[in-house]
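Engineer: Here's the letter readout for the chains.
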Amino acid sequence: MSTKRDIIIGRAFAVGAAVAYGITSVLIRRGVAELASPLAGATIALFSGTLILSIMGVRSPESNLREKKKAVGLLLIAGVASGLGIVASFFALSIAPVVVVSPLQGTNPLFALLWSYLFLGQLERITPRVILGTFLVVAGATLITIGRVV
Amino acid sequence: MLGIALAVTAAFCWGTGAVFARLGLQRIKPSTGVLISMVSSLVLVGSLSLIIDFDAMVSLSPSALLWFGLIGFVNYALGRQFNYLGIKYIGVSKATPIFASAPLFAMAIAVTFIGETVNVPIIIGTLGIVVGLVLLITSK
Numbered sequence: 001m002s003t004k005r006d007i008i009i010g011r012a013f014a015v016g017a018a019v020a021y022g023i024t025s026v027l028i029r030r031g032v033a034e035l036a037s038p039l040a041g042a043t044i045a046l047f048s049g050t051l052i053l054s055i056m057g058v059r060s061p062e063s064n065l066r067e068k069k070k071a072v073g074l075l076l077i078a079g080v081a082s083g084l085g086i087v088a089s090f091f092a093l094s095i096a097p098v099v100v101v102s103p104l105q106g107t108n109p110l111f112a113l114l115w116s117y118l119f120l121g122q123l124e125r126i127t128p129r130v131i132l133g134t135f136l137v138v139a140g141a142t143l144i145t146i147g148r149v150v
Numbered sequence: 001m002l003g004i005a006l007a008v009t010a011a012f013c014w015g016t017g018a019v020f021a022r023l024g025l026q027r028i029k030p031s032t033g034v035l036i037s038m039v040s041s042l043v044l045v046g047s048l049s050l051i052i053d054f055d056a057m058v059s060l061s062p063s064a065l066l067w068f069g070l071i072g073f074v075n076y077a078l079g080r081q082f083n084y085l086g087i088k089y090i091g092v093s094k095a096t097p098i099f100a101s102a103p104l105f106a107m108a109i110a111v112t113f114i115g116e117t118v119n120v121p122i123i124i125g126t127l128g129i130v131v132g133l134v135l136l137i138t139s140k
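Here the protein sequences line up with chains W and D, keeping their order.
When we follow the working numbering, the leftmost residue of the first sequence carries the number 1, and every step to the right adds one.
When we follow the working numbering, the leftmost residue of the second sequence carries the number 1, and every step to the right adds one.
Some hints could be false.
As the list claims (entries may be wrong) - What the simulated footprint calls covered on chain D by chain W, stretch by stretch (three residues with Cβ under 8 Å from a Cβ of chain W suffice, anywhere in the stretch; the number is not a length):
1. 4-13
2. 77-83
3. 130-136
Stated by the list, open to error - A few chain W residues facing chain D, derived, Cβ under 8 Å:
4. Tyr21
5. Ser37
6. Gln122
As the list claims (entries may be wrong) - Below, computed lysine-lysine pairings styled on DSSO-like, alpha-carbon distance capped at 30 Å:
7. W:Lys4 with D:Lys140
8. W:Lys69 with D:Lys29
9. W:Lys4 with D:Lys29
10. W:Lys70 with D:Lys29
11. W:Lys68 with D:Lys29
12. W:Lys68 with W:Lys4
13. D:Lys29 with D:Lys140
Bear in mind the hints are in silico, worked out from the structure with no lab data behind them.
Backbone N, C-alpha and C define an ideal beta-carbon position, used for all residues, glycine too.
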């Protein structure tokens, strides 16, 4: 059960992630993308991120990781799914305009919402407020993306 | 049509990956979880990159390495780390749409520091995201 403090911390981290993704988008838009092909660039970015996280992780290693094989497997799948998303995005942008691809990619919370409703019923409470909030954010992000591209 | 299918596939993969992360993070610390997922992402994307984009990989300039290294720090060491912490603390259904508000922050940074202009779709989109975030953040 999450405490009020946990919820505040979780929201702050989620907003922090959104800010980080926003900064990345600005960096890529400002010409960094022209320095290398997207797939090669994504590989270097993933390598750099993994290296930094490895160095940070040395300070607080996880105990009994061998006893948590199922969780490790689920996180490996999460990483593969994320990697497949990067690859699909790369190929989509290579054959279709960004004004079409970006809004469609931005619908990923709708999939997360659907799977949460179908498979995480005991872990997550999906309320009408969460559903409406998700659709508004996705629609808003779509409009901003279109507004910045056209 | 293929471009649309691939874009939807990307959204499907990212949305699905977040749910797997949520399940895995029940027993593993977010800092370890993010590292495990990063390794599998790197192996997949790195292998494909070497297979189909070998020339680009071996001809990367020092400035490309520097800039994409910086993006790796911002997008993965910070972004994915915060992403997993958010999922751990508030759940995937509430955290994922908050991550999706990134275009709002990108737009704010671009308008403030780069001088991008604002138009009607951006204003309406901003209002949509703000109302959506208020609904998500105030939901119990």
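Engineer: Return the numbers of the hints above that this structure violates; sort them in rising order.
Structural biologist: 6
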